[in-house]
Structures are given as C-alpha cells and as structure tokens.
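Undergrad: Spelled out, the chains give:
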Amino acid sequence: MSELAKATAAGAVPESMETYSPVREFWRRLKKNKLAMTSLIFLAALTLIAVFAPYIAPYDPTNGVMADSLQKPSAQHLLGTDELGRDILSRIIFGARISLRVGLLAVAIALSIGTVLGSIAGYFGGRIDNLIMRFMDVMLSFPSLLLAIAFMSVLGRGVENAVIAISIVTMPEYARIVRGSVLSVKENEYVQAARAIGNRDGAIILKHILPNVIAPIIVRGTLGISTAILETAALGFLGLGVQPPDAEWGTMLGAGRSYMFNAPHLVMFPGIAITLTVMAFNLLGDGLRDALDPRLRQ
Amino acid sequence: MCRKYKVNCDCAAHFCLSLVDKQGKLGIKRVKRGGENRQIKIFILLFGEDKIMHKKTLFLVLAVAMLALLLAGCGGGGENAQSADTGGKEKVFVFAQGSDPRGLDPAFVDDGESAKVMVNIYDNLVRYKPDSTEIEPALAESWESNEDKTQWTFHLRKGVKFHDGTPFNAEAVKFSIERQLPPNRTDAMPYASFVFEPVKAVEVVDEYTVKIILKEPYAPFLANMAMCMAAPIVSPTAVKKYGDDYISHPVGTGPFKFVKWERGQSIELVANKDYWDGPPKLDKLIFKFVKENSVRASELMTGSIDAMDGVDPNDVKTLEENGVIVTKNPGMNINYLAFFCNKEPFNNPKLRQAVSHAINRDAIVEHLYQGLATKANGPLPSFIPGYDKELKPYEYNPEKAKQLLAEAGYPNGLKVTLLTYTNPRPYNPVGQKLAEAIQNDLKKVGIDVEIRAYPWKEYKQVVSPVIVKEGDMMIYGWIGDNGDPDNFLTLLDSKEIAGSLNSAKYANEKVDKLLVEGRKEFDMAKRAEIYSELQQILVKDAPWVFISHATAMTAQNSSVENFNLHPTGVIYFHKVDKK
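Protein sequences, first through last, are from chains A and B.
At position 123 of the first sequence the residue is numbered 123 (my numbering), and the sequence of numbers has no breaks.
At position 152 of the second sequence the residue is numbered 450 (my numbering), and the sequence of numbers has no breaks.
Keep in mind that the hints were calculated from the coordinates and are not lab data.
None of these values were measured; they are calculated from a predicted model.
You may find that some hints are simply not true.
[Stated by the list, open to error] Examples of chain A residues lying across from chain B (beta carbon under 7 Å, computed):
hint : residue
1    : G64
2    : E83
3    : G239
4    : P244
5    : M260
6    : F261
All residues carry an ideal CB built from backbone N, CA and C; glycine is no exception.
Turn these sequences into a full structure, and let the hints steer you where they fit.
TA: Now the structure itself:
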C-alpha cells in the first residue's frame with residue numbers, strides 16, 4: 001500500500017485534493033481526448049499560419065500571371081494555380097486569415113449579444129423573457145443561410161457585412177442556451193442568498209450566474225465557429241462575402257467550380273481546407289463538452 | 299403492386315391502392331393504430347375523424363389521392379422514358395440551354411434564350427440563309443421597293459396556316475407589325491423601336507400582298523425583317539385570344555408547334571407536319587433548361603440530351619475526349635468593357651486610352667478563354683460587311699498606359715469601380731472572372747479596381763440609368779441580331795443613351811452623323827467607307843475596350859445531323875435530324 005492510499009484509508013484528506021483546480025482538472029481530461037488534442041494543435045498551427053501569412057505564402061495571393069493559369073500542382077506551385085494564374089497555396093494561406101477572423105469575430109459578437117439577451121430573459125423572466133425569446137424564435141424560424149443572404153442584400157457585400165450578417169443570424173442560438181442555463185442556475189440557494197443580502201441584479205448575473213453557465217457557452221461557441229466558417233464559405237460561394245481579388249475559401253470554391261472537369265485542384269484544395277478546419281472545430285467542441293461536463297467527472 | 303402498374307410512383311400511392319382494394323375498412327384500423335402512412339393522417343386532418351369513418355367518403359378520397367399520385371408519378375417518370383427512347387418510332391430531340399426564355403412573344407422579349415425557341419415556332423417575311431446573314435424568301439415569296447426605297451411591297455406565300463388554323467395573309471402581317479407601331483407600342487417591347495423604327499405604315503394591298511411604307515430610306519430594313527425579335531409573324535387570333543398571356547402561348551407558322559412550357563424545366567414543341575417548307579425531320583423538340591455549363595456538358599456525355607449550347611471553354615477537351623462533337627464558329631458578338639463617358643473620371647479620353655493599353659487582351663483570349671475567342675480590333679467582328687481591316691487596336695503596353703495615366707492627370711493612379719455580371723454570357727463564358735482578370739491587369743499600372751458583381755437580371759437594371767451611380771465602367775457585350783454593321787455600331791449612337799442600349803453613354807456628334815448616313819446608303823461599298831471612318835473614330839476615342847469576339851460553340855452527340863449554329867446565335871431545327 002502506498003502512502004496516499006494509507007492516508008485515504010485513515011480518513012484524512014490527501015494533499016492533492018486540497019489544491020484541486022477545475023481548470024487543471026479540465027485540462028487533464030481534455031488531454032486524454034486524442035482527437036480533441038489533434039484538433040487543438042491543428043487549429044493552433046492554422047492560427048500561426050494565418051497570422052504570419054505574408055511571411056509564409058510563397059506568392060502574392062492576388063497577383064495573377066495569366067500565362068501560368070490552371071497549372072497542376074508542381075514543385076513551383078505546390079497546389080497549382082487558378083484560372084487567373086494565382087498560386088492556390090498562397091490563396092489558401094491568406095484565406096485562412098479571413099475564415100478564422102470571420103469565424104471568431106462572428107461568434108464573439110453573436111456570443112456577447114446572445115449572452116446578454118439570454119441572461120436578461122432567463123433572469124428576469126415574465127414579459128421581458130417573452131419579448132426577447134419570441135423575437136429570437138422568429139429569427140430561428142428562418143433558415144440561417146437564407147436570413148444571412150437577406151441581411152447581406154440589405155447591408156451590401158464584403159467581409160465586414162458578412163461578419164455582421166452571420167453574427168445576427170446565429171445570435172438566437174446563444175441566447176437560447178444561455179437563457180436555459182440561467183433558468184436552472186438562478187433557483188440555486190447561493191443565488192437566492194446573494195439576492196437576500198441585497199445584491200443588485202446586474203451583479204448577481206455577472207458574479208454568481210454567468211460563471212456557472214460558462215461551460216455550455218464555451219462549447220457552443222467552439223462549435224459555432226465552425227458554423228460561422230461554413231456560412232462565410234457559403235456566402236463566398238454565392239459571391240456575397242469576400243470581394244475579389246481577396247482570397248477566401250468559399251469564394252475560391254465558387255470560382256473554381258466551372259473548372260471541375262479539367263482542373264479539379266481548383267476546388268479540391270479549398271474544399272479540403274474548409275473540411276479540415278470545420279472538422280477540427282467540431283472535434284474540439286466535442287472534446288470541450290466532454291471535459292467540461294460535470295456528470296462525466298469521475 | 300409496383301410491377302402491376304409499371305410506374306415509378308410514390309409508394310404512398312400503392313399503399314392507398316391496397317387500402318382501396320380492401321374497401322377502406324383496413325385503412326381505418328391502420329390509422330387508428332397510429333398509422334404508418336402520412337397521406338391518411340392528412341385526410342383525417344382535412345376531413346375529420348367521423349367523416350372519414352364513412353366508407354364511401356374514404357373510398358372517394360383515397361381514389362382521388364391515388365389518381366393524383368399516379369398521375370404525378372407518371373408525369374415525372376414519363377419524361378425520362380421519352381428522352382431515353384431514341385431508337386423508337388418517335389424522334390425526340392432534347393436541346394439544353396442555360397435558362398428559361400423570358401417569353402415567347404417576339405414583341406416582348408430581347409434575350410437569346412427566347413430567340414432560340416422562337417425561331418422554331420415562327421416564320422418571318424424573309425429569312426437568313428442557313429450559314430450567313432444574307433436574306434432569302436420565307437413567308438414572302440418575293441418583294442420589290444420603289445425608286446427611293448421607302449415603299450416595300452411583299453408578295454406573300456399562299457396556303458400557309460398558323461398552328462391554330464388561322465390562315466396566313468396580308469392582314470396577319472399588318473397585325474403583327476402594327477401592334478408594335480405607335481400608338482400600340484409600349485415600353486415593354488424592347489425591340490419594337492429598333493426593328494420598326496423606320497416603319498411609317500403597313501398597307502394591305504390584297505389578300506397576299508402587303509406594302510410597308512418607311513419614313514426614310516433605311517439600309518438595314520430587310521435584314522431587320524429577318525430578325526428573331528419583333529419581326530416574326532404571329533397569329534392574330536391567338537394574340538387576341540390569349541391577350542397578355544400570349545407570351546407563354548405562342549402560335550406561329552414555323553416548323554414546330556408549341557405544346558407546353560414547364561418553367562425552369564423545359565419547353566416542348568412538336569413537329570408541324572404541314573410546314574410550307576416540308577415537314578421537319580424530328581417529331582418532338584424539347585428545350586431543356588440546365589443552368590450550369592458543366593452540368594449540361596455531363597448530361598450530354600451521358601446521353602440524356604442530344605445537343606447543347608453555351609459550351610464552357612474548359613469543357614471542350616473533356617467533351618471531345620468523350621466522343622461529343624464540338625462545333626466552333628466565329629461568333630457574331632462583341633465582348634467589351636464600357637467606360638461611363640458621361641461622368642468623371644472616364645469622360646477623359648486619355649484615361650480611357652490608358653486603360654485600353656493596360657489590359658492584356660492577348661492573355662485574356664489565350665488563357666482565360668483558352669483560345670476560343672478572337673481579339674477584337676474594333677466594335678465589329680471581322681466577317682461583318684463594313685469591317686475595317688486597317689484598324690489599329692491598342693497593344694498591351696503597361697509603360698505607355700502609365701504615361702497616358704500621368705498625362706490624364708493621374709500620375710499616382712486612381713481608384714475606380716468596375717461593374718460586372720456574375721454569370722457566363724455567350725460572348726464571355728467565364729462571367730465574373732473577366733472582371734477579375736482586368737482588375738489584375740489594371741493593378742499593375744496603379745489603377746485600383748473595386749469589383750461590384752450582380753446577377754444578370756439585376757445587372758441590367760443597375761447599368762440602365764443615364765447616370766450610373768454604382769460604378770465607373772462596366773463589362774458588357776452584344777450579340778448581333780441581323781448581321782448588319784449598323785446593328786453593332788448603333789450601340790454608340792447618342793440617341794440610344796436613354797434606352798440604355800448605349801451602355802457607355804457615349805455621345806459624339808460626328809459618330810451620330812455617320813450612323814445616319816450609313817443607314818441611308820444602300821450601296822455596300824459606299825457604306826463601308828462611311829463605317830470605316832466611324833470605326834477609326836471609335837477606336838481612337840475608346841468609349842469601350844474592345845476585348846474579344848467569343849467563338850460560338852455548340853456540342854452535339856455524334857448521332858445528330860444538320861445541326862448548325864447560325865451566326866445570329868440560334869439553331870434552326872427544321873432540317874436537324876438524328877439517327
């Protein structure tokens with residue numbers, strides 16, 4: 001018998017349990033999930049690539065040399081060139097900047113507004129709850145891409161507007177999740193206690209409720225990034241998002257689709273980039289959910 | 299059940315059948331047990347539980363539903379069966395094009411997709427020869443004009459009937475033209491003013507003689523009468539019968555009769571066995587609408603269609619490798635970039651010349667269009683009469699462009715907005731990518747281009763006002779209608795600015811004057827001199843960057859015979875056959 005076991009058997013609290021930290025526990029559990037860790041490493045690498053794109057990309061992504069158009073992958077152009085003679089690898093590298101930026105920004109905006117609305121609705125309930133949530137329900141009743149296209153046609157084309165459109169259409173999901181979590185947390189004794197000693201509502205939400213509903217928000221946010229990236233790509237594919245000559249994965253896919261027969265690399269590589277990134281965010285999101293779920297904590 | 303009825307129907311129909319066979323009783327039981335059939339649940343919702351309990355009602359409802367489903371299933375399955383059936387008694391020809399026609403009334407449409415269908419339903423007084431834009435007799439057997447070419451008398455073919463049985467005569471011609479003359483002409487008739495602009499009146503001389511009186515001599519008049527827009531002769535009784543709905547119920551005298559039009563899907567025509575020029579070889583002609591070039595191409599390779607137009611340059615190789623015949627003809631079109639000449643900054647000719655020098659048209663033709671286009675030297679394709687062989691186009695010279703840019707007052711370059719359509723067009727099969735290639739070229743001389751792209755229908759509206767607020771230049775094109783040089787050059791007539799035909803909003807008195815002279819001159823040699831001067835002015839003044847003339851391409855299966863794309867961009871299916 002080891003010392004630790006002896007101590008436990010004697011009924012004493014072991015040393016390690018006193019320094020128990022939820023963050024460390026979470027990290028330990030996430031590390032065990034190989035898929036999630038691979039995704040995390042992939043995304044970290046992708047972020048680095050996006051940040052240092054101008055130093056990594058072998059060519060200028062917007063400068064085409066017509067004479068080199070539609071070349072197959074070669075040593076000179078690792079992933080080939082597109083119809084205007086632009087290097088596809090460079091375009092994918094620069095495209096990562098846009099996809100990641102749009103994904104993160106859209107989720108950040110949607111998450112902040114959604115959280116505020118959701119916690120107000122959940123905490124105060126009654127008429128405010130009804131007003132906010134019915135409005136969210138109306139928005140949820142539209143297919144999100146359709147709604148995004150509608151917003152884009154009002155706002156105009158461009159990346160910034162794509163971010164706004166995507167954050168507006170994804171916001172109701174966050175609001176719902178936050179409201180649901182707030183509803184279950186607000187009946188807890190500690191919240192009632194906080195109220196009883198005269199804390200203001202704002203302080204209760206911020207200090208006592210939100211920290212306890214953060215787990216599902218993080219998970220939903222991670223998964224939301226992949227949705228946002230996909231929607232950016234869809235908008236780009238339809239020619240609404242990023243405007244030429246800037247590189248974006250969905251736009252590349254849309255532009256390359258007429259060359260599917262004789263130059264499949266035009267659609268293949270941006271397609272792979274989208275798939276891998278979206279998959280990585282999804283797997284990471286799943287891993288986070290498993291790691292943060294208290295019911296699975298052993 | 300499925301085998302018994304030999305149709306590819308929804309299973310629900312068969313389930314209904316089985317219920318009806320058992321007189322309904324079983325059906326009710328099944329529903330009460332929680333029912334596996336959605337169809338029945340809907341009936342309960344519609345008619346209420348107590349009513350459906352009634353055996354007879356149930357029987358009736360189910361029978362109707364069964365019939366409807368059977369019909370729906372047969373409709374869907376039937377078409378495939380027909381198009382697959384090539385060796386049978388009936389010769390069905392399926393031709394695929396990019397989109398629906400806007401309509402099938404020649405007075406109210408202006409697009410090539412409509413023209414392709416209409417030329418096979420209607421006839422004109424005169425028609426083009428099969429492979430040129432020369433004129434030959436059609437519904438008019440002969441014609442003559444008076445001394446000053448202002449009165450044209452047409453002697454009509456006797457014994458011709460419209461598809462609805464209405465006899466073709468001088469009254470029908472008068473009706474067809476007069477509905478497009480003032481005061482009947484409306485803004486919704488895009489070609490009426492172009493085709494019938496010189497026409498003052500139409501007189502019926504006797505049943506088979508009609509006289510058209512012109513305001514002034516007009517050289518392209520006969521060519522106009524052969525055009526697929528506005529000029530075709532329509533059945534007066536059908537136009538009166540259908541009214542506004544005639545646009546989807548066309549009745550002409552042509553080799554094929556209209557049967558039905560399923561929007562977004564197809565148009566079906568059948569042979570007019572009594573056609574005056576001999577019955578067509580095909581029994582049925584189907585125009586199928588498939589938006590994507592590549593999808594059309596793969597349908598052709600799998601044999602579900604017989605021929606198509608709008609071949610993507612990128613698909614040519616694959617198609618040919620798969621035994622499809624791709625026909626390449628010089629196209630009667632021009633693909634151009636128009637500067638908005640009536641506002642800053644491109645009201646400055648120097649700047650227009652600078653841009654003309656900065657665009658690498660050789661690379662565009664060779665790489666973007668993969669050689670399936672020819673570089674344009676001026677507004678006219680080289681085979682059009684009156685084309686000036688001496689024209690000196692702007693060569694690609696970025697240095698000179700920069701120099702001109704500095705002379706124009708923009709030594710540090712400038713920022714402009716280029717408008718473009720997104721979809722492929724016959725004269726520009728790569729759609730929006732042309733704008734991107736130009737953006738790429740102009741960046742190299744310091745012109746920063748922002749691209750604004752619109753779908754075609756929206757695009758036409760955006761660029762139609764006299765002052766286009768959205769941009770500074772635009773990508774556009776023109777498909778020749780009648781093979782006359784005036785048809786192309788009139789696009790730069792200042793009178794056409796209001797009607798949006800003059801997309802560059804270019805106004806030059808000298809050009810206007812020469813255009814008028816050209817229209818009055820009937821001697822082609824003298825006309826050519828006028829047009830030569832005109833083309834020199836236009837190239838120097840550069841209201842457009844003359845980019846290219848797309849090679850017109852059609853693709854057909856090897857079993858198809860006599861399938862020719864006419865220079866006007868349509869296919870006359872009268873003589874087309876398939877083995």
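Undergrad: Let me make sure I understand: some of the numbered hints might not hold for this structure. Which ones are they, in numerical order?
TA: When the structure is compared with the hints, none of them turns out to be violated.
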